[in-house]
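Protein chains in written order, with the UniProt record's numbering: chain A, 1 to 329; chain B, 1 to 949; chain C, 1 to 241.
Please note that the accuracy of each hint is not assured.
As the list claims (entries may be wrong) - Derived DSSO-like pairs: lysine-lysine, alpha-carbon spacing no greater than 30 Å straight-line: (1) C:Lys188 <-> A:Lys76; (2) B:Lys362 <-> B:Lys101; (3) C:Lys218 <-> B:Lys131; (4) B:Lys818 <-> B:Lys861; (5) C:Lys191 <-> A:Lys29; (6) A:Lys52 <-> C:Lys188; (7) B:Lys103 <-> B:Lys136; (8) B:Lys103 <-> B:Lys196; (9) B:Lys131 <-> B:Lys180; (10) B:Lys180 <-> B:Lys18; (11) A:Lys88 <-> A:Lys52; (12) A:Lys52 <-> C:Lys218; (13) A:Lys191 <-> A:Lys173; (14) A:Lys52 <-> A:Lys191; (15) B:Lys943 <-> B:Lys755; (16) A:Lys176 <-> A:Lys88; (17) B:Lys103 <-> B:Lys236; (18) B:Lys502 <-> B:Lys633; (19) B:Lys714 <-> B:Lys254; (20) C:Lys191 <-> A:Lys52; (21) B:Lys131 <-> C:Lys44; (22) C:Lys191 <-> B:Lys818; (23) B:Lys714 <-> B:Lys392; (24) B:Lys136 <-> B:Lys254; (25) C:Lys188 <-> A:Lys29; (26) B:Lys136 <-> C:Lys44; (27) A:Lys88 <-> C:Lys188; (28) B:Lys18 <-> C:Lys44.
Simulated from the structure, these hints should not be mistaken for laboratory data.
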Amino acid sequence: MRGIQLSLNQTQRLRLQTALELLETLSSKASLNASVTVADTIPVNYEDGVLKGHGTTELDGEVVATVCGVVERVNKLVYVRALRARYKPEIGDIIVGRVIEVAPKRWRLEINFIQDAVLMLSSMTLPDGIQRRRTAVDELNMRSIFEENDVVCAEVRGFQHDGSLHLQARSQKYGKLERGQLLTIPPYLVKRRKQHFHHLEEYGVDLIIGCNGFIWVGEHVEAKDDMVVDDQVNKSEQHSSKSKSWTSLEEQEQAYTHAETRQNICRIANAVRVLSTLGFNVTLDVIMETVYLSSSSNVEIHEMLGAEFCVLVAESEAERRSSSAKRKG
Amino acid sequence: MLQNKSFVRKTRQGRVVKVVREHYLRDDIYCGASFCKVCVTSAAKLTPSDSAILVVDTNVVLNQAIPIPTHPRFTLGHIDLLENPGIDGVVLLSVVLDEVKNKNLAVYNRIRALCSNALRKFFVFSNEHHKETYVKAMAGESPNDRNDRAIRVAAQWYQNHLGSTTRVVLITNDRENKRKAIEEGIAAETVDSYVKSLGQPALLDLLVHPPSEDASMMEVEDLRPSKKKVIYTEHKPMSEITSGLHRGIYHQGKLRVNRYNPFEAYVGSESIGDEIIVYGRGNMNRAFDGDIVAVELLPQDQWHTEKSMTIADEDDDEEEDVHLAPGSADDAPRVTNLVPGSGRGVSSVSSRPSGHVVGIIKRNWHSYCGSLEPMPLPAGNGGVAHALFVSKDRRIPKVRIKTRQLGNLLDKRIVVAVDSWDCLSRYPSGHYVRTIGDIGDRDTESEVVLIDNDIDTRPFSAQVLSCLPPLPWSVSSEDLANPIRQDLRHLTVFSVDPPGCKDIDDALHCTALPGGNFEVGVHIADVTNFVHPGTPLDDEATQRGTSVYLVERRIDMLPKPLTEDICSLRADIERLAFSVIWEMTPEAEIISTRYTKSVIKSSAALSYVEAQARMDDSRMTDQVTKDLRNMNKLAKIMRQRRIDRGALTLASAEVKFQIDTETHDPLDIGMYQIREANQMVEEFMLAANISVAEKILNHFPPCSLLRRHPSPTKEMLEPLLRTTAALGLSLDLSSSKALADSLDRAVGDDPYFNKLIRILATRCMSQAVYFCSGDLSPPEFYHYGLAAPLYTHFTSPIRRYADVIVHRLLAASLGIYKLPNIFQDRPQLTSIADNLNYRHRNAQMASRASVELHTIIYFRKRPTDTEGRIVKMRSNGFIVFVPKYGIEGPVYLTLRGEKGGGEWVVDEQQQKVRKIDGSVSYSVLQTVRIHMEVVEPQPNRPKLQLTLL
Amino acid sequence: MEYVNPEGIREDGRRPLEMRHLHAEIGTVARADGSAVFEMGNTKVIAAVYGPREVQNRSQQLNDQALVRCEYSMPNFSTGDRMRKPKGDRRSTEISLVIRQTMEACILTHLMPRSQIDIFVQVLSADGGTRSACINAATLALADAGIPMRDLVTSCSAGYLNSTPLLDLSYFEDSAGGPDVTVGILPKLDKVTLLQMDARLPIDIFENVVQLATEGCKAVANYIHEVLLENTKQLEYRRGL
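Chain A extracted, bound-state conformation (with noise of 0.2 Å):
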């Protein structure tokens, strides 16, 4: 159990117990029998002739597996598929970001990747969402746009011939974002999806799931805003002076998020987090599904990360698995 530390009564640590072992049933032998650790050899047919991925080696003409995870073959690809390991991108990618660095032309990301990624000023369509060549001021500008330790989201735009990755936002639906919380998971939870962006209405919060195991849960922001928002570069920067020199009642609503808002934020954080906890994947469904039984069960937000509810967690997940496996059968 990673995380939290749960300090399970008796009877919990029982329910758990079953609601785990159902998962366990549940979930496909042949996933499980495949799982193999560092140093296991992969049974293959060498009469097909094999190609080795990832997570493999050659050993006295074996294959053998260089990481804990599970066994996958495609055609004549066997590769293992590491469960616990830092991202690995994949070009269009949507990831959550946090800026380490500003640098010349270009913002260094903290993406849980074995690197830092970059995003250039280039690949990024400024806030007034003009195209245009990007002049010196532009570059000594950079910092109003992206500060140190900012939360950005993006897109993986691929590998310079170098290793580094590099990022593109592109869009207005990229950007810094701003009032909620950033989670972060263990990538293996999260799963590729056509969305990614989910604006939960009834809670008025959007909902970023990350594809580098980075999960945003902030106030949902409408994509125009933005640009009223930041009229021109000049003008944002006046508009940063002011603002510490005294702050106007517009401004303060602005920046106010309301309680409710916020609550929903946390409630719906804290699902993630349980359910990270217990190593269930992380999607849309799963998580508003938490979100649901919390609120429905009367679960305080405060109380979901306590036992009791992490062991409703777990039990309705079971319930659901097995209800969806049925329905398949």
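Since the structure of chain A is provided, determine the placement of chains B and C on it from the hints.
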């Protein structure tokens, strides 16, 4: 199953440390009963033929009948009983063994020996690690109670495990434990009741009697009205002693009783840098010789009054009191305050601190040889008699024992162990262990000598003998073909030994080389070819350490076939040897040294006399004689060089007996004569030893076995200096060379003078000792007497185990054999070296005691008048040395009973004693005429008495 | 001293060829990429692995392989006496180096160029064999972090006391001053990656002791394999899909 035990311990630096150790509980510990159906019985020792399985409590093994917490008594308890074959089928629990080990290592070793003895049915049950018998200490339970409970649980387990057909008896002397055991349904008995139920009176004598019985014994023994009188002061509790030692009120040290006067003892105390004299049994307060005691100093004004008091108090004990002048006791090295002038002898005593024993920190009790004080056979009392045991060693007080076989024992030498001594009884109480033989019988007395010196005289066991090669043995073709062995049979090898020597372990050869140089070889019996490490034979030899030479017999380290035949380099027989071969110039410079295993064929086994005669007889020109002469020439040069280097020529009064071949009684007695031939052989042996020492140390710096002789300290040479100063000689002690030179200069008017000085000097030296080279730093390796930086023993492997070790080291350094594992284990090697030193010292003591014994036998029928030399002064007499017989003994000027010795005055500085009117005076080294006679002042303790003529 | 009594039982009740209880737990440090606790009897070690991640000190960056760093520490509370020890003393520097080199030998560093892997090992309670426990814990943590490795390095120590080879010395036995051989092996490749001893032993006994320690390593490897496989299976079935 896992248990953690945690305890708090104080480190040496005084910090408190919490120690947590794991404790695994097992289910594969078996009961050890061969008839058990559940357990694996491969290691079983208990058989159904035993009447009962005995589970013994710790207090049975150690005698702790009434444990006094503040005053633990470390004694040998019923171990004697357990060692008797009458008791068998015993289960020893690991908890008991642990307790025994913590309290008394000697008993632990004995009990371990019993357990490993295949003939005895002693089984060790690891109850502490058994899943079902492990007991966890309960809150508030003392460790003692917990252990008692563990013993009961284990006994219960045995009963349940083996079923009701087997009788399991818990033997305990603790009443409380017995009561609880019976409550829990375990059959429990005390030792007494159990042994009584066996109905063997011989076993009953072995029992330790709890001190509570002493009261009744006193009624029998002491016919005094005040039988409950407290004779000795109570010992202080341990806590008080510890704090007293800290505050400097008490002084800790080893108590040593004066050999000539058992009422006087010394405690060497580091805290005051001097020795504290303890006068009288009252002040000694039940301490034995060798005990570690705590002493409190008496007020200074009592320092001399104590003495006269002591004599008055102890008049019932018939002992001669030699009132010692300071600095003359037992050759003890110590600082002495010299009182100048002609002060009275008594007043000089008061300058030394005296004290009394307040507590005993560690007992040195073991078993003692002696006899029972003659007494009439009591009529009734159910055959049980109380008797007083008189030890042969005068330093040991009489011991009270209880016996059922008084009639048998009265005229026997017996062994007795001491159990306890409480302050109500005058004498300690003990128990009978075994009988040696008839008093006065020479064999018995020799046996006593051997037992006193802890020498194992048992015949070699079958296991040991099975390690011997098949007899008759001869050099085989494989030996000759062995590439490690060089064939030296063509050399003219010969041996020179004392006459009648059968264990010839060294032989020599000397060949003139074409260039004028000589090839000299020392060939040593190749004992390690037959004694392999790890065999029972090797273990036995390790234990024995050395052969012991008594006047009439020899106790071998190795079995006779090896000693006298297979290893012995006898004449005209091919033998295996380990050779050291030098090439030497005619000036005896060593050019090269070679070591090899070899096969030799000795052409002559000469005695020293024969060899000397050959060398002296100019008509003889055979090869052996020529070689002898060449060797002698070389040896003389080597000897001179050694002396120039500073080697000491020391002397001792070695005595030789002529023994009647029929009766083995001594016929004649005389000084051992040293000839040139002896010195020649000695010289080459020294050279071989030194060469080998260099070789092995070079190869194995951390694990070589060497021999060192520490330089004597100023204090040790003090008595010698005083004597020579009185004679007007000055000795230079700055180095061994300086001392050797000044000894050479010390020539008196008569020929024996120089030798006498050398004998005195020898006595001041410390003993040479074996040590493991890893334990000391190279400067400490020095051999003072030989003036050699390195020395070891290589040349007598038949009779010394150290040489066997050195042979193995040398063989390993040549790459012939692997180094045995033992050399990796330095603590073990150190313990072997310690054992060798102990055995060596004991062997010497035994030899000396044997000489003493035969001297008495010799003079019993022949009272003699002879000349003696005064070697030491005492307040009421002096010690005389008789060169002719090598005897030393006290001569009294004042007769016993004439107290105070007012007539005679000792002059410390002049080393003189003179009559107060100045009419007669004696000085040190003066020649006196004396009369020698064997007297028996106390029954069964004959001694040689010297009187002035 | 008697470390093995004539009944063949050691001070703590084990037989000479027995190991202490092993216990391992994976995922004990929430924020780390991989972490594990490894216990050998009373010796308890926690390891955390961070990375592969951006190299902190650019000048150390290697263009063809990952940089492996290791930090070993032994807090005051880990031993019986709470003596204050200066950080970075020679012993911990040495053990850090030993662990780093041992782990580096099995990590496929060339797959992660220009990155850095940090291994932090801390002894929570020391009772002999800390070196071995550290290596075992680090192996588990690395496997948990999903870092590709040639093999699982496992380590175990063996000693030689009372003329008996003893497996997995406890602190009590270790402080006897006898030889203590720490062996680290790659069980699948059947190779030795670590062999340490700071005493003298004759070569034939040494071979026996090393053999014994190697057997111990294999036993540890079996245990570690089981733990990892169980952990992987659990992650997989919990994730569902």
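Against the structure, the hints:
{"no.": "1", "hint": "C:Lys188 <-> A:Lys76", "verdict": "holds (25 Å)"}
{"no.": "2", "hint": "B:Lys362 <-> B:Lys101", "verdict": "holds (15 Å)"}
{"no.": "3", "hint": "C:Lys218 <-> B:Lys131", "verdict": "holds (28 Å)"}
{"no.": "4", "hint": "B:Lys818 <-> B:Lys861", "verdict": "violated (58 Å)"}
{"no.": "5", "hint": "C:Lys191 <-> A:Lys29", "verdict": "violated (34 Å)"}
{"no.": "6", "hint": "A:Lys52 <-> C:Lys188", "verdict": "holds (19 Å)"}
{"no.": "7", "hint": "B:Lys103 <-> B:Lys136", "verdict": "holds (22 Å)"}
{"no.": "8", "hint": "B:Lys103 <-> B:Lys196", "verdict": "holds (28 Å)"}
{"no.": "9", "hint": "B:Lys131 <-> B:Lys180", "verdict": "holds (22 Å)"}
{"no.": "10", "hint": "B:Lys180 <-> B:Lys18", "verdict": "violated (33 Å)"}
{"no.": "11", "hint": "A:Lys88 <-> A:Lys52", "verdict": "holds (18 Å)"}
{"no.": "12", "hint": "A:Lys52 <-> C:Lys218", "verdict": "holds (28 Å)"}
{"no.": "13", "hint": "A:Lys191 <-> A:Lys173", "verdict": "holds (20 Å)"}
{"no.": "14", "hint": "A:Lys52 <-> A:Lys191", "verdict": "holds (24 Å)"}
{"no.": "15", "hint": "B:Lys943 <-> B:Lys755", "verdict": "holds (27 Å)"}
{"no.": "16", "hint": "A:Lys176 <-> A:Lys88", "verdict": "holds (23 Å)"}
{"no.": "17", "hint": "B:Lys103 <-> B:Lys236", "verdict": "holds (20 Å)"}
{"no.": "18", "hint": "B:Lys502 <-> B:Lys633", "verdict": "holds (27 Å)"}
{"no.": "19", "hint": "B:Lys714 <-> B:Lys254", "verdict": "holds (22 Å)"}
{"no.": "20", "hint": "C:Lys191 <-> A:Lys52", "verdict": "holds (24 Å)"}
{"no.": "21", "hint": "B:Lys131 <-> C:Lys44", "verdict": "holds (25 Å)"}
{"no.": "22", "hint": "C:Lys191 <-> B:Lys818", "verdict": "holds (29 Å)"}
{"no.": "23", "hint": "B:Lys714 <-> B:Lys392", "verdict": "violated (34 Å)"}
{"no.": "24", "hint": "B:Lys136 <-> B:Lys254", "verdict": "violated (40 Å)"}
{"no.": "25", "hint": "C:Lys188 <-> A:Lys29", "verdict": "holds (26 Å)"}
{"no.": "26", "hint": "B:Lys136 <-> C:Lys44", "verdict": "holds (24 Å)"}
{"no.": "27", "hint": "A:Lys88 <-> C:Lys188", "verdict": "holds (28 Å)"}
{"no.": "28", "hint": "B:Lys18 <-> C:Lys44", "verdict": "holds (17 Å)"}
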